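Protein chains in written order, with our numbering: chain A, 1 to 258; chain B, 1 to 334.
Since the hints were derived computationally from the structure, they do not count as laboratory data. This structure is a prediction, so every number in the text was calculated from the model and none was measured. Treat the hints with care, as some may be off.
[As the list claims (entries may be wrong)] Computed list of chain A residues with no C-beta within reach of chain B, every gap over 10 Å:
#1 H17
#2 D69
#3 T86
#4 G109
#5 A224
#6 S254
[Unchecked claim] Derived CB-CB ranges, DEER-like:
#7 B:Q178 x A:A82: 53 to 61 Å
#8 A:R30 x B:L137: 57 to 65 Å
#9 A:D6 x B:A318: 35 to 43 Å
#10 A:D79 x B:I243: 31 to 39 Å
#11 A:N72 x B:G170: 56 to 64 Å
#12 A:N72 x B:R226: 21 to 29 Å
#13 B:L39 x A:D189: 56 to 64 Å
#14 B:R226 x A:D6: 26 to 34 Å
#15 A:G59 x B:W171: 52 to 60 Å
Even glycine gets a Cβ: it sits at the ideal position worked out from N, Cα and C.
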Amino acid sequence: MAKRIDVSGLTAYYGSHKAIEDISMTVEPRSVTAFIGPSGCGKSTFLRTLNRMHEVTPGGRVEGKVLLDDENLYASSIDPVAVRRTVGMVFQRPNPFPTMSIYDNVAAGLRLNGSYRKSELSEIVEKSLKGANLWNEVKDRLNKPGSGLSGGQQQRLCIARAIAVEPDVLLMDEPCSALDPISTLAIEDLIGELKERFTIVIVTHNMQQAARVSDRTAFFNLAAVGEPGKLIEIDETERIFSNPSVQATEDYISGRFG
Amino acid sequence: MDISTKSDTAPPPPPTVVPLEPGSRRPSVRLGDRIFLGLSRGSGILLLLIMAAIACFLAYRAALVLAKNDGNFLTTFEWEANGDPPVFGIAVLAFGTVVSSVIAMVIAVPVAVGIALFLTHYAPRKLSGPIGYAIDLLAAVPSIVYGLWGVLVLVPHLNGLYGWLDTYFGWTGILDWQGGAPRSLFTVGILLAIMILPIVTNVSREVFRQVPLAHQEAALALGATRWEVIRMSVLPFGRSGIISASMLGLGRALGETMAVATVLSPEFVIRTSLLDPGGGTFAQNIASKFSEATVQGQDALIASGLVLFVITLLVNGAARAIIARRKEYSGANA
Numbered sequence: 001m002a003k004r005i006d007v008s009g010l011t012a013y014y015g016s017h018k019a020i021e022d023i024s025m026t027v028e029p030r031s032v033t034a035f036i037g038p039s040g041c042g043k044s045t046f047l048r049t050l051n052r053m054h055e056v057t058p059g060g061r062v063e064g065k066v067l068l069d070d071e072n073l074y075a076s077s078i079d080p081v082a083v084r085r086t087v088g089m090v091f092q093r094p095n096p097f098p099t100m101s102i103y104d105n106v107a108a109g110l111r112l113n114g115s116y117r118k119s120e121l122s123e124i125v126e127k128s129l130k131g132a133n134l135w136n137e138v139k140d141r142l143n144k145p146g147s148g149l150s151g152g153q154q155q156r157l158c159i160a161r162a163i164a165v166e167p168d169v170l171l172m173d174e175p176c177s178a179l180d181p182i183s184t185l186a187i188e189d190l191i192g193e194l195k196e197r198f199t200i201v202i203v204t205h206n207m208q209q210a211a212r213v214s215d216r217t218a219f220f221n222l223a224a225v226g227e228p229g230k231l232i233e234i235d236e237t238e239r240i241f242s243n244p245s246v247q248a249t250e251d252y253i254s255g256r257f258g
Numbered sequence: 001m002d003i004s005t006k007s008d009t010a011p012p013p014p015p016t017v018v019p020l021e022p023g024s025r026r027p028s029v030r031l032g033d034r035i036f037l038g039l040s041r042g043s044g045i046l047l048l049l050i051m052a053a054i055a056c057f058l059a060y061r062a063a064l065v066l067a068k069n070d071g072n073f074l075t076t077f078e079w080e081a082n083g084d085p086p087v088f089g090i091a092v093l094a095f096g097t098v099v100s101s102v103i104a105m106v107i108a109v110p111v112a113v114g115i116a117l118f119l120t121h122y123a124p125r126k127l128s129g130p131i132g133y134a135i136d137l138l139a140a141v142p143s144i145v146y147g148l149w150g151v152l153v154l155v156p157h158l159n160g161l162y163g164w165l166d167t168y169f170g171w172t173g174i175l176d177w178q179g180g181a182p183r184s185l186f187t188v189g190i191l192l193a194i195m196i197l198p199i200v201t202n203v204s205r206e207v208f209r210q211v212p213l214a215h216q217e218a219a220l221a222l223g224a225t226r227w228e229v230i231r232m233s234v235l236p237f238g239r240s241g242i243i244s245a246s247m248l249g250l251g252r253a254l255g256e257t258m259a260v261a262t263v264l265s266p267e268f269v270i271r272t273s274l275l276d277p278g279g280g281t282f283a284q285n286i287a288s289k290f291s292e293a294t295v296q297g298q299d300a301l302i303a304s305g306l307v308l309f310v311i312t313l314l315v316n317g318a319a320r321a322i323i324a325r326r327k328e329y330s331g332a333n334a
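Just chain B, with the same shape it has in the complex:
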């Protein structure tokens, strides 16, 4: 640590203030400033316009087909959007999306936090560099490659795990396995967990790195072990960062398309057991159905995409609320 920062170091020089020109009521604005102001303001407005235009377009297309829908958009277990009249509902997709993402989070977040803690507080410097690099590489793998790996390697190797879960947790109903191919929401969850691991790890690692040394020394000086230092100073300081990291990961899991579409064996049903094949997610459904969809079918898929968008917004809002609730106790006050 830096013990050389003493109180007697010279203060920084005062910031130089550009005086107003005498006599002028307002400071003269130079041409460069004006151009830059116009550019940046224009970019901001353009962004809002594009967002609004996309939203209007999607909402309009969705509204067209929702008016004709013969099923209930929220509860129908069917997707015949090309028919006349169309019958479609998002219940299966919402269930599949949320469940597979939750499984991914349950697996990935503890592992990612563990890796991040290891890299920042346990691993020798020589080791933490290469491991961090390997995790970055994990993030660089395209999602279709994960999908192929999932269906060719992961799925054939999951029978053992499925059998074990069925034997010990089959009685719960949700982990009851009928012996079908393990191309279920559970497998999708495992795959998604691997895919979101890098982002959750990296963000957590950056947050843990920023825990002030002073807080860790405070715990150490009280006679805390390394784990107690982490529990007393690192985790509380990093709490909001872990939540943000998880939300970034969740966002990716909710929207993941190709890997899910490759691994899942889709069917428009909700199974009580997570281990049985079937189900679907919003993004997977759009990807699978878009190429054969009529204009009306596309509109129905757009409507489902809007629901995914709303779910993502809700999740983010909830995360912000959690962070804000304990704001005065956050490390930001330090």
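Chain A with its partners taken away, still in its complex shape:
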């Protein structure tokens, strides 16, 4: 079940350092939203506040509200572990569990969430691997270690692992930055398919990628090194790349800085 994300007045800290300040935005269900901006502008930090991974970092804390449909993820009654079960995440570097087989990697999240019959589990694993366009490549070696796959395959394995638990939202933190162009293309095609079922937020350094895969694009920037990152604007991707309303966005898009 894809859900809407509604962020208001969100500020995140690393210890006493303010990493991002006063961010508000809405992400529609079944859409792809891309975050772009220079290094250190806080887009990854912001992404990690959406599934409460930011506070795992020593000193990390957050002020403000993140509503998933109508539920505030930062309400005191909410267990961060439960949040992460409904908001999946794919990381910059593919990180399958090296000690687990391909099958067990995909099943890992399911086994955390409850008990499944073996046939049920196999069905979901197959469906998730198909969903990640990986099934045909690995169906004959499901019990081989996941770390034996190529980088692009590993990243698709991580996507399969994330979607196996049917999250409401899928966060992707530069999922293609460690991959070659062919594997990148495979992931981008996959994102296009996944948005039918999930709300997707993707951080990327590659502006062409943002233009290719996303419906809406958010541009983040920071005034100077050490200053907190801010959301400059968020709009339809087409508009951001053709006729942004803020000069700084246009400067960044056209390569005048960053």
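Dock chain B against the given chain A, drawing on the hints supplied.
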């Protein structure tokens, strides 16, 4: 975590290659290189020579006395190696060594892994420093001090535990207590557990520290609790490290001499109950008997030392085999 490492950082400069001198078929070797090569190669060969010499000497001395042994070296429950003909066997020693070490491992490894996990994944940074330091201190205590502490403090305080074990587990036979002084293999095992705790803890802690953050975040992002993160990413990654740490500890337990000799009340028997005094270990037997041994008696002790050496080798080999069997699933592939 470091979120600043982006893909757009500049690649490292290519390594500088020293070109061969034109015209020469092989690179010229400088004097410094030649001296260093000779030194390092010489050290390596010297080490092998010393090892071989020790092994030959021990095997030779052992062979002399084994030829004269009137008992069966493997099964005789007696150690009269100074007599003529000598009668001695290692059965009691092998049993005592293995049993006390196994007890030590059973107690120490779970505790050590627990401490290591606490220090790396639960304790606040302010606390983990001092605790780690205290554990290092534990490793710095000389073994004779452990022995004295064992016999003066531990032994007099074990009657309660022995009585409890006897009441609830006496029916097993192996934890049946007749009421003798608790200077048994079991007490030795407890003492050895304390002694090997620091090394097992320290090695495990280093291994757990090296678990890549990426693997732990992978588990976290799936909605794992802290314990589930440990079970899914930390323990599997650290498995071979825990085995290595245990083997280091086991090596120390197998060879521990002074502490065992101080605490154990030795006797050349094998008791079915671990709580009854008596028994012995290889190292303890050598230490206790060496001063009064004739040349022939020394040879017999050397023979027993060789057996300890073989046991240690076997244990290490087994550990390596366990690690190698699951190599492709190990964290080294990550």
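So, going through the hints one by one against the coordinates:
no.: 1; hint: H17; result: holds (12 Å)
no.: 2; hint: D69; result: holds (18 Å)
no.: 3; hint: T86; result: violated (8 Å)
no.: 4; hint: G109; result: violated (4 Å)
no.: 5; hint: A224; result: holds (15 Å)
no.: 6; hint: S254; result: holds (18 Å)
no.: 7; hint: B:Q178 x A:A82: 53 to 61 Å; result: holds (56 Å)
no.: 8; hint: A:R30 x B:L137: 57 to 65 Å; result: holds (60 Å)
no.: 9; hint: A:D6 x B:A318: 35 to 43 Å; result: violated (58 Å)
no.: 10; hint: A:D79 x B:I243: 31 to 39 Å; result: holds (35 Å)
no.: 11; hint: A:N72 x B:G170: 56 to 64 Å; result: holds (59 Å)
no.: 12; hint: A:N72 x B:R226: 21 to 29 Å; result: holds (23 Å)
no.: 13; hint: B:L39 x A:D189: 56 to 64 Å; result: holds (60 Å)
no.: 14; hint: B:R226 x A:D6: 26 to 34 Å; result: holds (29 Å)
no.: 15; hint: A:G59 x B:W171: 52 to 60 Å; result: holds (55 Å)
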